[in-house]
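Here the protein sequences come in this chain order: A and B.
First residue of the first sequence: 1, per the working numbering; consecutive thereafter.
First residue of the second sequence: 1001, per the working numbering; consecutive thereafter.
Bear in mind the hints are in silico, worked out from the structure with no lab data behind them.
Think of the CB as a built atom: it goes at the ideal place given N, C-alpha and C, for glycine as much as any other residue.
A portion of the hints provided could be inaccurate.
[Said to hold, decoys possible] Per label pair, the in silico range of CB-to-CB distance:
1. A:Gly-623 with B:Thr-1209: 13 to 23 Å
2. A:Gln-554 with B:Thr-1209: 49 to 59 Å
3. B:Gln-1113 with A:Met-439: 22 to 32 Å
4. A:Gly-623 with B:Gln-1113: 30 to 40 Å
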Amino acid sequence: MLAHGLNNESALLISPTGGGKTLAGFLSTLVDLEHPHKNDGIHTLYISPLKALAVDIARNLEAPINEMRLPISVETRTGDTPYSRRQRQRINPPDILITTPEQMTLLIADPTAAHLMKNLKAVIIDELHSIVSSKRGVLLSLALSRLRTHAPNARLTGLSATVADPDALRAWLAAANQPPVPLVLGAAGAPPDIHILESAERVPWSGHKALYAIPEIYAEIKKAKMALVFVNTRSQAEMVFQELWNANEDHLPIALHHGSLDVSQRRKVEAAMADNKLKAVVCTSTLDLGIDWGDVDLVIHVGAPKGSSRLLQRIGRANHRLDEASNAILVPSNRFEVLECEAARAAAKENAQDTEYPMVMKLDVLAQHIMACACSGAFFADDLYNEIITAFTYRKLTRERFDQALDYVATGGYALKAYERYAKLKLDIAGKYRLAHPMLATRYKMNMGTIVADEMLKVRLASVKNRNSKRTVTGGRVLGELEEYFLSQLAIGNTFLFGGEVLKFEGLDEFGALASKAHGRDPMIPSYAGGKFPLSTYLAERVRGILADKSKWQFLPYQVKDWLNTQSWASAIPRADQMLVETFPRADKHYMVCYPFEGRLAQQTLGMLLTRRLERWGAKPMGFVSSEYALVIWCLGDVSAMIKHGRLSLAKLFDEDMLGDDLEAWLAESNLMKRSFRYCAIIAGLIERNFPGKEKTARQVTVNTDLIYDALRTHQPDHLLLRAAWDDAADGLIDIHRLAAMLKRIKNQILHKALERVSPLAVPVLLEIGRESIYGEADDALLAEAADKLEAEATSLV
Amino acid sequence: MLGGLECVPHLSGALYVPDYETLIISDLHLEQGTSLARRGIHVPPFDTAVTLDLLEATLSTTHARRLIFLGDSFHDTQGEERLDEIHLNRLRIITNQYETIWIIGNHDPNPPQSLGGHGAETISLGTITLRHEPSKKLKNEIEIAGHLHPGCGLNLRGRHVRGKCFIADQNRLIMPAFGAYTGGLSINSPAFHGLFDDTQTKIWMIGKTSLHRFSL
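Put together the whole structure using the sequences plus the hints.
Now the structure itself:
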């Protein structure tokens, strides 16, 4: 690594956690700067995806520099850095600046950028694998294209965890007209030691709570020095934490860590971890990345990990030393998850990674970058285009598309040239595009970035006084924040679980939500939208493999083996390349269940499209529900009979042509598309983000993006932002690419079984029907009852 | 029924009072697009056209003779000057055909100069007072107002459904905003505190194909 650095070569360093990547990245910089030198702009830029990580790295770097008395200055610049310090950094820049991708973009948008970067020698990007698959990565790669103009000789170093396809990252780091950067592989660590929890309890058919395993999880925590308990969603985190706390007879110090909690509270938990004062932390992806916090010796994963790479990354949090095996226990929360955990365990043992390609060519991000460039100074369109296509992510950008984006930034890109006189960019006499007003730069800075979350409101602890029959509520300390849509559905007096406590909603004030501590026993649980991952394609394939191959069942718990055995004679077990479709009557309806194993997003899209077709062909579909693995549609028409008499062809039903007109017609009306459009509109700078304090006055006059979407669709269907929204939806929210690949895979491979009654494999997804996102004790009792009834039906053939 | 008068909420967000053959429309916010564009926010320049389409369609389905705009008809004071010639003519045709009253709002403190009809701060319709901003305390009055852009969200089967709505108790009705780009302010927000008798409040939520009535 040092050799590449000293030769001033770019490189990609791949090494597992604990391999000393960070220091390796800095080594050549330290060598460059070991002698006294004239400070002439930034020498090394270090870019980390996490703000907290940036601060820690700076601290870790200052120690050896001070020890060796090197004449090197190190500073950080994050969203928390005060304005005065940022100003000083422009006048008197440090040798090494440690920053985040967003701050990097803000730096290049600054008029002093060219001056600051002219002597830049090195750029180090940490956790590259986690950055490139999102819009943050797309924006960063554009910022790097600009850096190449300012400092053509600077070397780029990417640091990454193990990935399935290093070549993609090598190409990402290089300029588009250059060969990929060389790869340096760090030493591999000891293979991890992964077990699936063998529970004496009954593994439930469906659900995501894993409550059955709480006593066993607690026992494992007791045995460990410090355990990290990973879950997939914040509401799961709340629930598991609550249950562990109820089981906590020994008063073990167990803490909670997730993205909704107030930052100060999270920092406290991290500090307590570092001091080894905790026995366990229940956490979400907020602890996926980052430096070592204390001596974690056990990772417990509650729920299926959904991807092999995610599992490996999380397991890596235990025992940050290369030579020792990390210890992990997987706790499946239902029977399908047992299969998935087994698949993930096998994949992790082979160190097999999910393939995740870098995200490329986002038009909304391009628009934001053009604005950033305009903020740094006037430009010729030709120059900017030529610079942008050096970025790996935009190497295929056509000039036509670029001009459209430029036109969008300047005047909104409407066919009616209605806004020429309100243009944001204007052509000057030299033919350069110039910002129309300096105020636009300020506004850009307030709104830049690619992370668009649902609107969040702060939750504060309230004290309620009743005096002279008048109720006054005053707000106290901030507990964290919650999605606005969740809070908006609460009535005063409703209770919910937050930060491990039951809170009572007391109302809203101009700063956000107010809540007091409550002692209710059946809280409504926050139904967080974020934090759900779809099952990775790679893992899905392995799950299908396990299901098809009876010899692999020997590793499965007895209950699950039994379940699959019953399925094999009550219905059928599909081969790995087949998709099973079952049809059966139940009560007064007819059910069709299929098992694509392609994750909820893709299958929801499939469900939408199939119901449209079934409707057209007279099967009278009533509704559908998807789990991660299966999709059920219920109809009034007798689907089995229709298939038998040739009135319905499954091959035609599942034909790839559903991705044509049917998709178009459905998607245009769907809420998913509107959400996708809103995100693009914010990133592309069409509308402004809402800021706390500002929003209460602006809310009534801020425009509703759903309405803008409708207007654009009717009046200018080829608009840049509609294209961007469509592209995002296809990629993410509705997973069209994955659905397309699946339809291709199952062509002529559909195994149909017309059954008398529900099959064992179908029970879990049928249990999802009618399940709402709000849970409570009463609901659970009902569900358990329904579950037992279905189970009895499925095995009544015995 | 409000103050003994029958009031019929319309799917478009308009309110029809048959006894007076009057259609009430609140918060048109015409030229909101160009207003934002002046500040560099280039929302699509189609809002005035879309709003007028809806207004014309609504008028053709009622037997109204009189049209009352409940304020904030233009998004800002120069909105009228920025009106496209085509849109200006479409509005003129409407104001010539219907007896038009422009109640003034905070966005448009003066009634339009180049259009028919006349301006007013408030107007009475039988026992009901019509004004733009709801009054803090009602003094033995029954009121129809706009200004707040009421909207609400409901959770149904795990799905969150949002929409504009009418909200009313026995003394007051607040109308949704009619303009193409106007959003909704949650009726749970502090701006609505103390305006309604909680035991009597009803909302009419505007869906895609019909209105949905709920009691709070």
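How the hints compare with the structure:
Distance hint check for Gly-623 of chain A and Thr-1209 of chain B: the Cβ-Cβ separation is about 19 Å, which falls inside the suggested range of 13 to 23 Å. A hinted range of 49 to 59 Å holds for the C-beta pair Gln-554 of chain A and Thr-1209 of chain B, which are about 56 Å apart. Our hint of 22 to 32 Å for Gln-1113 of chain B and Met-439 of chain A holds, since their Cβ atoms are close to 31 Å apart. Against the hinted window of 30 to 40 Å, the Cβ-Cβ separation of Gly-623 of chain A and Gln-1113 of chain B comes to about 55 Å, which falls outside the hint.
Violated hint: 4 only; the structure is consistent with all others.
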